[in-house]
Amino acid sequence: MKRGAAFLMVLVLLLLPGMPRAEAGDPARGRRIYERLCWWCHGEDGFGDGPASEYLSPPPRDLTDGTYKFRSTPFDEFFPGDDDIFRVIKHGLAGTAMPGWGDVLDDDGIWDLVAFLKELAAMEPVGKASVEYGAQPRPGRESIERGRELFEDRCSECHGMRGRGDTSKRLRDDWGFTTWPRNLTKGWTFRAGSTPRDIFRRITTGIPGTQMPSFDDPTSRKRLDIGERWDVANYVASLNAPYKEPKGERLIRAVRVDTDLPETVDDVLWEKAPYTSLYTTAQLVEDERLYMPTIDSLSVKALYNQRELALLVEWDDPTKSVPGDRKARRIAGGEPFRDAMAVEFPVGTDPEEGLPYFGMGESNAPVSIWHWRGESATGPQEISLLYARGPGDTVERSAEDSGLFARGEYRDGTWRVVVKRPLATADPSRDVQFKAGGTVPVAFALWDGSNFDRGSKHVMTGWSWLRLEPEAGRGVFVWSAAVFVAVLVMEIIWMRSMKRG
Amino acid sequence: MRIPGPLQFALLTIAAYLVLKAPGLVVQAPVPSSLVTLYMFFAVVVILLAMTATEAGTERLFGPVRRLFAEPGRERTRYTVVFAVAAAAALITYANLRPSYEAPVLARTVHPAPPRTMDAYGRTFDLSTLENPLRRLEKDDPQRFEEYVRQGGTIYFRNCFFCHGPKLDGRGHLAKGLDPAPLPFAGTDTIAQLSESYLFWRIVKGGRGLPEESRPALSSMPAWEGYLKEDEVWKVILFLYEYTGNTPRRWKEEKG
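Chains A and B supply the protein sequences, listed in that same order.
Going letter by letter, the first sequence gives residues 4 to 504 in the working numbering.
Going letter by letter, the second sequence gives residues 33 to 288 in the working numbering.
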């Protein structure tokens, strides 16, 4: 009998966290939590107009009308389920300013908040708590292939043919804010999970308040049945490209080759070099600052031979920003600037002694910058060479004289730019010099012209290291063999002396 | 059964090595390899000293080795060991000489000592005696104090929270990839250990104002003297302490 009661207790405890308990929440206590933690972004009265709101994209939710983007209730229900609100508060929304509060509030506190938010938006109980999942098929090749065909037909207009969020039209939410369709190759930025089941739920419910529709809506021409939605979910999950997610590496390995270096982004030679992916952060140090970046990471490869070094810089950008182009202007909602990329190296100082400030160097620690810009409707791509001793002290030099070459290509939501230069130049005091086996600090900056990034409004990395990987050479093996023989000889001498002793 | 001395020595040495490597494998905070070499040297010396502290211990450690080389009929094991030792030496040489893929590590002082004085807002501040001029309101005028804390919070959420985070944990949504990472204020091990004048200096002068020992100056902290007024900085400082439930460190009380 006792064991039965204990078993029941365990069962209840196990089930509790998953059950909606907003009824148990106290809206008055929830309000007090809200007034302490939440109003800074969501506003005193919940209209999404707190002090921080004007700097945020996506903007903080307006909590007064009950529209919640990420939920599990079907499209024909207006309100989210209690556990949907609970989940967002507890775990946050990846890739946004909304953090998970689970380490600050206990579950009771979160249920209090849920109760308060439901009262705030005068929410009514939902009829259907969850979408129907049906039977989840195996994410096999056929399902993914069917999903690809459906995706290209129904989804690519906004998410792009390769799912990189390169939309063909300007998107705005119900409140008038510009929204960017998710880049589906970066699973770790999905707001509410990136498993096939999470994706299935999103396709089924849509994202209320935005142009992401429900594909379960029978009045829609684009409706998909349950099996088709699973196929699309499996396909979208298969788009995830883990190499793009920065792993905290700070070393870019330039691989040595004996042939000429590639001048195009598609050259098979690039397969010899590994990617290093880095987070890019918005420039927030000096005015004018960038608060709402559209680029969050980049990936780099490097190759060199006895004469030259080549970098392949790759980043996802939802738009090809061509000033003067009608389509680019329509998507950006104004005349865009050019997309741009810069590579920066310290010059004239010893990195072991300390690095220049990564934001364009300092008066006593200059940097050399390779600045590439995409094309405009009237002009071709350009590469320029800058010598900087701080943001206000920049000299433009001849890129041609130092042998700098660059060519970029935008395809399906991704920019890839090849930059190439001889290892050594005639001006070592103002140009970085590369040599086999050497390591030099390097930093990057990117501009999305359709986000109106220009000048100091850009994303950037801190210093990483570019290492021109030396060939192991014969020396290593000769030395290892010599040590082997030397140790062996010493051991034999020692054994002999032992025998004599 | 007791484990043989040489095996025990090997196990202890491996354990010491694993302890030194653990931070790198578990929490991605590797101990620099030069330090690992240094600590391993001391570890081996200490293990040897401990194991040979007594005659019996010495015999236990070296006895099996001596017997291996002295007793007849164990030639095969003997030559295997001799060969293995030479091979291990060759492998270590190879591992050290072959091209490495580690990024260089630059040492840096995280919390440098502040300068004695600081020039800002057209004045010179003596940082050793500087106090938050708004702090006294906590007792004198709690209502105004409360209002200033709220104003400080508003300033924080318009300028600082992108990096330092809405939970004041140093994990703001635009801080991914910043190295060094933004300082967390929550918890009892950062601002609770610092005086308000220290915070004032770090906020006003930012990453570019770090002294030489904190170079390379990779910090992305702006120098806020160009963006915030003096009283705004003090209000933010009030907010940082109030919101995290910390109290500033005060030199006077400690002296008294």
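If you are wondering where the hints come from, they were derived from the structure by calculation, not from laboratory data.
Beta carbons are placed, not taken as given, at the ideal position from N, Cα and C, and that holds for glycine.
Heads up, some of the hints might be wrong.
One-sided excerpt, in silico: chain A residues whose CB lies under 10 Å from chain B [to be verified]:
no.	residue
1	Tyr37
2	Glu127
3	Pro128
4	Gly130
5	Lys131
6	Arg253
7	Trp468
8	Ala484
9	Leu491
We went through each hint and held it up to the structure:
Interface restraint check for tyrosine 37 (chain A): the shortest CB-CB distance to chain B comes to about 13 Å, outside 10 Å, so the restraint is violated. Evaluation of the glutamate 127 (chain A) hint against chain B yields a violated restraint, the C-beta minimum of about 30 Å exceeding 10 Å. Nearest Cβ of chain B to the Cβ of proline 128 (chain A): about 30 Å, over the 10 Å cut. The hint is violated. The closest approach between the C-beta of glycine 130 (chain A) and any C-beta of chain B is roughly 34 Å, which is over the 10 Å cut-off, so the hint fails.
Among the interface hints, the one on lysine 131 (chain A) is violated; its C-beta lies about 33 Å from the nearest C-beta in chain B, farther than the 10 Å criterion. The closest approach between the C-beta of arginine 253 (chain A) and any C-beta of chain B is roughly 4 Å, which is under the 10 Å cut-off, so the hint is satisfied. The beta carbon of tryptophan 468 (chain A) is positioned within 10 Å of a beta carbon in chain B (closest approach about 5 Å), and the interface hint is therefore held. With its C-beta approaching chain B no nearer than about 7 Å, alanine 484 (chain A) sits inside the 10 Å limit, and its interface hint holds.
Given hint, leucine 491 (chain A) at the interface with chain B, holds; its Cβ is 4 Å from that chain's nearest Cβ, closer than 10 Å.
The structure does not agree with the numbered hints 1, 2, 3, 4 and 5 stated previously, though it agrees with the rest.
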